[in-house]
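S.K.: First to last, the sequence lines map onto chains A and B. Our numbering numbers the first residue of the first sequence as 1 and each following residue consecutively. Our numbering numbers the first residue of the second sequence as 1 and each following residue consecutively.
Just so you know, these hints were derived from the structure itself, not from any lab. Small disclaimer: the values here were computed from a predicted structure and weren't measured. It is possible that some hints are incorrect.
Identical copies look the same in the list; a pair holds intra-copy or inter-copy alike.
What the hints assert, rightly or not - Okay, derived cross-link-like pairs now, DSSO-like style, lysine-lysine, Cα gap no bigger than 27 Å in a straight line:
1. Lys-14 x Lys-224
2. Lys-44 x Lys-109
3. Lys-178 x Lys-200
4. Lys-27 x Lys-109
5. Lys-175 x Lys-27
6. Lys-200 x Lys-260
7. Lys-200 x Lys-14
8. Lys-13 x Lys-178
9. Lys-85 x Lys-14
10. Lys-178 x Lys-109
11. Lys-109 x Lys-70
12. Lys-253 x Lys-85
13. Lys-85 x Lys-70
14. Lys-70 x Lys-44
15. Lys-175 x Lys-109
16. Lys-109 x Lys-77
17. Lys-44 x Lys-27
There are 2 protein chains.
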Amino acid sequence: MTTQQLIEQIRLKKSFLCIGLDVDLTKIPSHLLETEDPIFEFNKAIIDATHDLCVSYKPNTAFYEAYGLKGWQSLEKTINYINEKYPEIFTIADAKRGDIGNTSTMYAKAFLEDLNFDSVTVAPYMGKDSVEPFLAFENKHTIMLALTSNEGAFDFQTLETNGQELYKTVLETSKNWKNGQNLMYVVGATKAEYFTQIRKIVPNSFLLVPGVGAQGGSLAEVCKYGMNENVGLLINSSRGIIYASNGLDFAEKAREEALKLQVEMQEIMNN
Amino acid sequence: MTTQQLIEQIRLKKSFLCIGLDVDLTKIPSHLLETEDPIFEFNKAIIDATHDLCVSYKPNTAFYEAYGLKGWQSLEKTINYINEKYPEIFTIADAKRGDIGNTSTMYAKAFLEDLNFDSVTVAPYMGKDSVEPFLAFENKHTIMLALTSNEGAFDFQTLETNGQELYKTVLETSKNWKNGQNLMYVVGATKAEYFTQIRKIVPNSFLLVPGVGAQGGSLAEVCKYGMNENVGLLINSSRGIIYASNGLDFAEKAREEALKLQVEMQEIMNN
Numbered sequence: 001m002t003t004q005q006l007i008e009q010i011r012l013k014k015s016f017l018c019i020g021l022d023v024d025l026t027k028i029p030s031h032l033l034e035t036e037d038p039i040f041e042f043n044k045a046i047i048d049a050t051h052d053l054c055v056s057y058k059p060n061t062a063f064y065e066a067y068g069l070k071g072w073q074s075l076e077k078t079i080n081y082i083n084e085k086y087p088e089i090f091t092i093a094d095a096k097r098g099d100i101g102n103t104s105t106m107y108a109k110a111f112l113e114d115l116n117f118d119s120v121t122v123a124p125y126m127g128k129d130s131v132e133p134f135l136a137f138e139n140k141h142t143i144m145l146a147l148t149s150n151e152g153a154f155d156f157q158t159l160e161t162n163g164q165e166l167y168k169t170v171l172e173t174s175k176n177w178k179n180g181q182n183l184m185y186v187v188g189a190t191k192a193e194y195f196t197q198i199r200k201i202v203p204n205s206f207l208l209v210p211g212v213g214a215q216g217g218s219l220a221e222v223c224k225y226g227m228n229e230n231v232g233l234l235i236n237s238s239r240g241i242i243y244a245s246n247g248l249d250f251a252e253k254a255r256e257e258a259l260k261l262q263v264e265m266q267e268i269m270n271n
Numbered sequence: 001m002t003t004q005q006l007i008e009q010i011r012l013k014k015s016f017l018c019i020g021l022d023v024d025l026t027k028i029p030s031h032l033l034e035t036e037d038p039i040f041e042f043n044k045a046i047i048d049a050t051h052d053l054c055v056s057y058k059p060n061t062a063f064y065e066a067y068g069l070k071g072w073q074s075l076e077k078t079i080n081y082i083n084e085k086y087p088e089i090f091t092i093a094d095a096k097r098g099d100i101g102n103t104s105t106m107y108a109k110a111f112l113e114d115l116n117f118d119s120v121t122v123a124p125y126m127g128k129d130s131v132e133p134f135l136a137f138e139n140k141h142t143i144m145l146a147l148t149s150n151e152g153a154f155d156f157q158t159l160e161t162n163g164q165e166l167y168k169t170v171l172e173t174s175k176n177w178k179n180g181q182n183l184m185y186v187v188g189a190t191k192a193e194y195f196t197q198i199r200k201i202v203p204n205s206f207l208l209v210p211g212v213g214a215q216g217g218s219l220a221e222v223c224k225y226g227m228n229e230n231v232g233l234l235i236n237s238s239r240g241i242i243y244a245s246n247g248l249d250f251a252e253k254a255r256e257e258a259l260k261l262q263v264e265m266q267e268i269m270n271n
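Let's have the full structure, built from the sequences with the hints guiding it.
M.R.: Right, dumping it as C-alpha cells:
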C-alpha cells in the first residue's frame, strides 16, 4: 500500500485508528477455546466487527510466537484473512526487529514478502545497515522506534547526545538513509508534549502512536501537537478495544469501543 | 544452565566457541533439499560433527522465520535435538527482541520456557522494563546488545551521552537492573580495542562476540583485551564454519573449521 492510499483511507473512513491484535489466550472469551484455532477465531470476529472503523491492524508478533507453531499459524491465517477480505487495510507486523544486514534482509522478506504485511516495526540501535534492508521494499513501510510509551523510554531514548535527546538524533539521522521516505516512527502517546518538537524534525512522516487508552495517553492531546495536513498519525489501541468484554458479546463490545475512538477522530478531523 | 556450568564446560572442552546456526536454503548442500526438513537435517549434521569443539549454538531466529511455519518447526526441532542429545551445550536464541513489559514477557516465555533456550538476545533501546521480564527467569541468561559488529554501530551506539559513548551507558545502567547478574552482552569483534574499556565497566560479565571470521575480527586481539579469569567470552562464528563446504562433506569441513578455532582457543587458554 502506498502512503497516498493510506491517506485516502483515513479521509474516507474519518478514522486513523489502528487496532492492536495482541491476543492472549488467558484473556479471550472461554467459548472460543473450544475451537480449533482460538486466536484466529478471535481475530476474525474482531476484524469483521471493526474493519470499517479503523484503517490498520497491528498484530504484535510476541503474542503469536508465545504459542509456537500454532501461534505462527494463527498469525499467517490472520494476515491472509485481512489481505483477502479487507485489502484496503494497512497492516503492521509489530515485530521490533533489527539485526546485521543479511539477517535484517531475512526478517524483511519474512514480514513484507512472505506474510505480505504492509509494514513492520524495527528497533534503531544497530543503525543504518540494520534498517535499510527493510526500506528497500517498494510500497512497503518501516516503522522505527523513536520515543516509546513505556517507563524505560527514559533510560536511553531521552539521553542528551550532541546537544539533543537521542530519539531526536534517531529521527534526524534516519531521514537521510536510502529510501528514507519509506520510514514511519513509533512515538508514545504518554508524552504528547514531545510531538511539537518531533514534528519539527519529521513534519511529513506518519507516526504510529501506542499508549492511548490502557497506557494512559490522551487522543486529543496527541492530535493537537502531532497531526499534520495529511493527519500523519496512526493511533493504536489494543487491550482497550479487543478485551472490552470477554463474554459472547466480545466483538460487539470491541466495535463499541472502536466506534468511540472513531467518532472522536471524526470530530477532530472535522475541526 | 548456570554461569558456573558454562564456565566448567569451557574449561573442560578448552573452547569458548559458539556456532551460529544461520541456515540459508540457498547455501546448504543441494542433496539436503530433497529431505523433508532440510534446515533441521543440516543443523543436525553440523551439531553432531562439532558439539565437542564448541560450548554453544546460536540459531538466529530471522533465518527460521524467513521460512514461515516450516522454519519455526525446524527451529523447534533443532533446539529440542540439542537439549536432548547435548544438554551440556549453552543455547542462544539470537532474536534481538525487546518490547513493553507485558509483550517482553511473552517473548521471554516463548524462548526461555517453551523453546527452552538457555538465553536470548535483546535490544536495549526501550530500556529497563523491556528487558527485566527476560531477567526474571532463573538460570537463564539475557544477552543485550551493547556494541555491535556492523557499520551502523557508529550511528547511535558510539554517540556521546553525558560524557561517554551510549554503549557504555547501556552497560553501566543495565548492571543495576533487577536480576542484572543474568545479563551478558553482545560486543562485536571488529572493535577489539574497545574491550579494555568495556572490561572496566563489566569485568565479570560474559560477552558474546560475533564478527570473528566472515566479518573480519581477530580472535587473538579480542582475547588479549576481552578475556577475564573465567574466560568470559563466547566467540561466535557462523558462515565461516557452517558453509565451509556445500558438498557432501559439509559437516566434515565444518568440523575442520571449528577445530581450527578450538585449537587456537586452547592455546590462548593455556597461556
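S.K.: Please go over all the hints and tell whether each is borne out by the structure.
M.R.: Results of checking the hints against the structure:
1. Lys-14 x Lys-224: So Lys-14 and Lys-224 pass the 27 Å test inside one copy only (17 Å; across, 62 Å).
2. Lys-44 x Lys-109: Both ways: Lys-44 and Lys-109 sit 25 Å apart in one copy and 25 Å across, limit 27 Å.
3. Lys-178 x Lys-200: For Lys-178 and Lys-200, the Cα distance is within 27 Å only inside one copy (21 Å; across copies 37 Å).
4. Lys-27 x Lys-109: Between copies only: 17 Å across chains, 31 Å inside a chain, cut-off 27 Å.
5. Lys-175 x Lys-27: Close neither inside one copy (39 Å) nor across copies (34 Å); limit 27 Å.
6. Lys-200 x Lys-260: neither (30 Å within a copy, 54 Å between copies)
7. Lys-200 x Lys-14: within (25 Å within a copy, 56 Å between copies)
8. Lys-13 x Lys-178: So Lys-13 and Lys-178 fail the 27 Å test inside a copy (32 Å) and across (46 Å) alike.
9. Lys-85 x Lys-14: Intra 20 Å, inter 58 Å, cutoff 27 Å: intra-copy only.
10. Lys-178 x Lys-109: Intra 18 Å, inter 36 Å, cutoff 27 Å: intra-copy only.
11. Lys-109 x Lys-70: both (21 Å within a copy, 15 Å between copies)
12. Lys-253 x Lys-85: within (22 Å within a copy, 50 Å between copies)
13. Lys-85 x Lys-70: Both ways: Lys-85 and Lys-70 sit 22 Å apart in one copy and 25 Å across, limit 27 Å.
14. Lys-70 x Lys-44: both (16 Å within a copy, 24 Å between copies)
15. Lys-175 x Lys-109: within (22 Å within a copy, 35 Å between copies)
16. Lys-109 x Lys-77: both (18 Å within a copy, 23 Å between copies)
17. Lys-44 x Lys-27: within (16 Å within a copy, 38 Å between copies)
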